[in-house]
Structure formats: C-alpha cells, structure tokens
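Engineer: Using the hints provided, position chain B relative to the given structure of chain A.
Number of protein chains: 2
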Amino acid sequence: MEPDIHPELQPLAFLLGTWRGTGKGDYPTIQPFDYEEEVRFWHVGKPLLLYTQRTRTPADGQIRHSEMGYWRAVPGGRVEIVLAHPFGIVEIQEGTVEGGRIEVASTLVGLTATAKEVTRLERSFELRGSGALAYEVRMQAVGQPLQHHLSAELHREE
Amino acid sequence: MEPDIHPELQPLAFLLGTWRGTGKGDYPTIQPFDYEEEVRFWHVGKPLLLYTQRTRTPADGQIRHSEMGYWRAVPGGRVEIVLAHPFGIVEIQEGTVEGGRIEVASTLVGLTATAKEVTRLERSFELRGSGALAYEVRMQAVGQPLQHHLSAELHREE
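In the order they appear, the protein sequences are chains A and B. Position 49 (the first sequence) corresponds to 49 in the working numbering; numbering is contiguous. The number in the working numbering is simply the position in the second sequence, starting from 1, with 158 added.
Bear in mind the hints are in silico, worked out from the structure with no lab data behind them. The structure displayed is predicted, hence computed values, not measured ones. Beta carbons: idealized from backbone N, C-alpha and C, even for Gly. Honestly, I wouldn't trust all of these hints.
Pairs of lysine-lysine residues, derived as DSS-like cross-links and limited to a Cα-Cα distance of at most 27 Å, are as follows [as the list claims (entries may be wrong)]:
#	chain 1	residue 1	chain 2	residue 2
1	A	K46	B	K274
2	B	K182	A	K46
3	B	K204	A	K116
4	B	K274	B	K182
5	A	K24	A	K116
Residues of chain B clear of chain A, computed beta-carbon distances all greater than 12 Å [to be verified]:
#	residue
6	I163
7	R178
8	G179
9	P216
10	A217
11	Y228
12	G257
13	A271
14	S282
15	L285
16	S288
17	A290
18	A292
19	E294
Bound conformation, chain A alone (with noise of 0.2 Å):
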C-alpha cells in the first residue's frame, strides 16, 4: 500500500515519478557529450525523496553515470540533498525549493583516496508545466573554475 505524502514533502512533491530525457554536458578538460538519462523519485512516507538517475551514452546504450541518495524537505522552503556517486564522491547540497524551482550549492563534497577531485557543484532545478523538467549542473573540478557542466530536460513518465 502506498503512504500518504508526508505533509512536509509537499513543497518536493511534484518530482514523484519517473522522469526521462536527454542532455548534453561539456568541461574544459573533457570532449563535450550528449547523453539519455532516467531519474526516478519515490517516497516512503517520511519528508524525504529517495533518487536514483542514471545515464546512458545514446550511441551503445552504455551505462555512463549514476547517482543515489535523499532529498529532504526541511520546513520553511528548504531542500538538503545528499548524494553518492560511482566515482568515489559524496556530496551535500543544501538549498531553497520555491514553487517548481530549486536552487542548491554543495556545502560539502567528500572523495575517496582514488576519486577524481571535484570542489564544488551547483543544481538548478526547474519545473516547466507540470510535465518537464529541466536541469543545469555547475562544477568546480581539477583545477577549473566553477562553471556549466551540465544540462538536460527530462520528462514524467505517465
């Protein structure tokens, strides 16, 4: 039986579902990518979105990235997200849900002995009518400056 809806996650409710789409990601020290992406939120009846996405290279359908983790709503507007990455990095993303818009900066990422070192990530989330959603990534990595690294446009699943 599905739960009700915690009435705190009502500011994050409208990302319930299963989304899917494409994008397109570029960084000065890499070639720039198209890719498919499939991001699936779903509840348990607590104030909190479980995620997962992942990637594919449209060409072979290979698996490309993938991420995991909580997105929790925190009364008065507020969103922390926190995230695992294949690659060896943790991150928290702290922010503001307003309306179909969210807004997050990483307040911590975290690597592992091997992981590739990324400074800071920034996500921008948008809901454009009920049914899409787009999004932007900003990463500081490697020595680059924080900048655009990706975005996308992604669609409900009915």
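Structural biologist: What follows is chain B alone, placed relative to chain A:
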C-alpha cells in the same frame, strides 16, 4: 543482457545478490531494537557494486532506515564505500577486503544542517559459508564514544 563482472570487482563479487535477515541495534541514547533488513548488491560491468539497504520494524513492517551508495573495488585488496543516509548524512568508508571479510572505517562523515551528529562509523562484514553475511556497525555519535551499534546476519536469496 547482464554484463560480465569486471575483473577488478572479483574481490567483492561474493556480495552480489539480494540478502535478507534480521538484526539488533542498541546505543546508550536509545532503546534497544530489532529489525528486518533487505540488502541488494548489483553491478553494471564496472569495478563497483551498486548498493541499497532498508530495514523495517518487525511488528508493523514500517520502514525504519535505508542507505544507498556504491562499493568501489580498488586494486590491492582495498575497498571504498560512498553512502547517503536519509537522515542527512553522507559517509565515506575505506578499508580492506580479504577473502570473505571486509573491514572499513569512515574517512569522512558529512552532515546536513539538520542532521544528527554522527562523527565516526566502522563496519565489518563477514561471509559465513557461501550464503550468510554477518555484519557489525560501530558508531561514535551525539557525544558518545565509538561503540557497538548494529549487528545482523543476512541470507542470500536464491
């Protein structure tokens, strides 16, 4: 199509699959408790495991805790674990895998603004026979010294 197991993942391959069992938790600041647990490890052809875990209260099936993240196999018998917790914690664990035994300790515990104060976690895992996995978690939190927090024994689903 299931990808082949990456050769560097072999030291951790014994974890692959879905595991279920029961555990016990205690800490000076809380009442001792029992839990039911489901752990899932899978792979996508890279030298890492994807990991999700959740526990429930036996009496009513309520979801109690969950975690998600990645276990990275590092050449030389090393393992790096990156985890996110729903109560606003990210965790990096590093240590060793030797045979069916894994010993890791946190190199980083990161907290969101509203998270409970956890300062150190240590985890031990031991394969028993081919189908049982026992673990212990030791925790330093909320001003208490590092000490036993959780232990469980899980069995691999066929």
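Engineer: If a hint holds in the structure, say so; if it does not, say that too.
Structural biologist: Verification of the hints:
The straight-line distance between the Cα atoms of A:K46 and B:K274 is roughly 16 Å, inside the 27 Å bound, and the hint therefore holds. Between B:K182 and A:K46, the direct Cα distance comes to roughly 23 Å. Compliance with the 27 Å bound is thereby established for this hinted pair. Between B:K204 and A:K116, the direct Cα distance comes to roughly 16 Å. Compliance with the 27 Å bound is thereby established for this hinted pair. Using a Cα cut-off of 27 Å, the hinted pair B:K274 and B:K182 holds, with the two alpha carbons roughly 20 Å apart.
For the given pair, A:K24 sits about 20 Å from A:K116 by alpha-carbon distance, which is consistent with the 27 Å threshold. For B:I163, the shortest C-beta to C-beta distance to chain A comes to about 15 Å, beyond the 12 Å cut-off, and the non-interface label holds. The Cβ of B:R178 lies farther than 12 Å from every Cβ of chain A, with a closest approach of about 18 Å, so its non-interface assignment holds. In this structure B:G179 is separated from chain A by more than 12 Å, as the shortest Cβ-Cβ distance comes to about 20 Å.
No Cβ of chain A approaches the Cβ of B:P216 within 12 Å, the least distance being about 17 Å, so the stated non-interface status holds. Listed as outside the interface, B:A217 is consistent with that label: its C-beta sits roughly 16 Å from the nearest C-beta of chain A, beyond the 12 Å cut-off. Distance check on B:Y228: its Cβ comes as close as 4 Å (rounded) to a Cβ of chain A, failing to clear the 12 Å threshold; non-interface status is violated. Against the 12 Å criterion, B:G257 stays outside the reach of chain A, whose nearest CB is about 22 Å from its own CB.
Here B:A271 does not stay apart from chain A, with its beta-carbon only about 6 Å from theirs, under the 12 Å limit. Against chain A, the non-interface label of B:S282 holds: every CB pair exceeds 12 Å, the least being about 19 Å. Every beta carbon of chain A lies more than 12 Å from that of B:L285, the smallest distance being close to 23 Å; the non-interface claim holds. Remark: the non-interface label on B:S288 is consistent with the geometry, its nearest Cβ contact in chain A lying 27 Å away (cut-off 12 Å).
In this structure B:A290 is separated from chain A by more than 12 Å, as the shortest Cβ-Cβ distance comes to about 26 Å. A cut-off of 12 Å between C-beta atoms confirms that B:A292 is not in contact with chain A; the least separation is 24 Å. Non-interface call for B:E294 relative to chain A: holds, since the shortest CB-CB distance, roughly 22 Å, exceeds 12 Å.
Figure legend: structure checked against the earlier numbered hints; hints not met, in rising order: 11 and 13.
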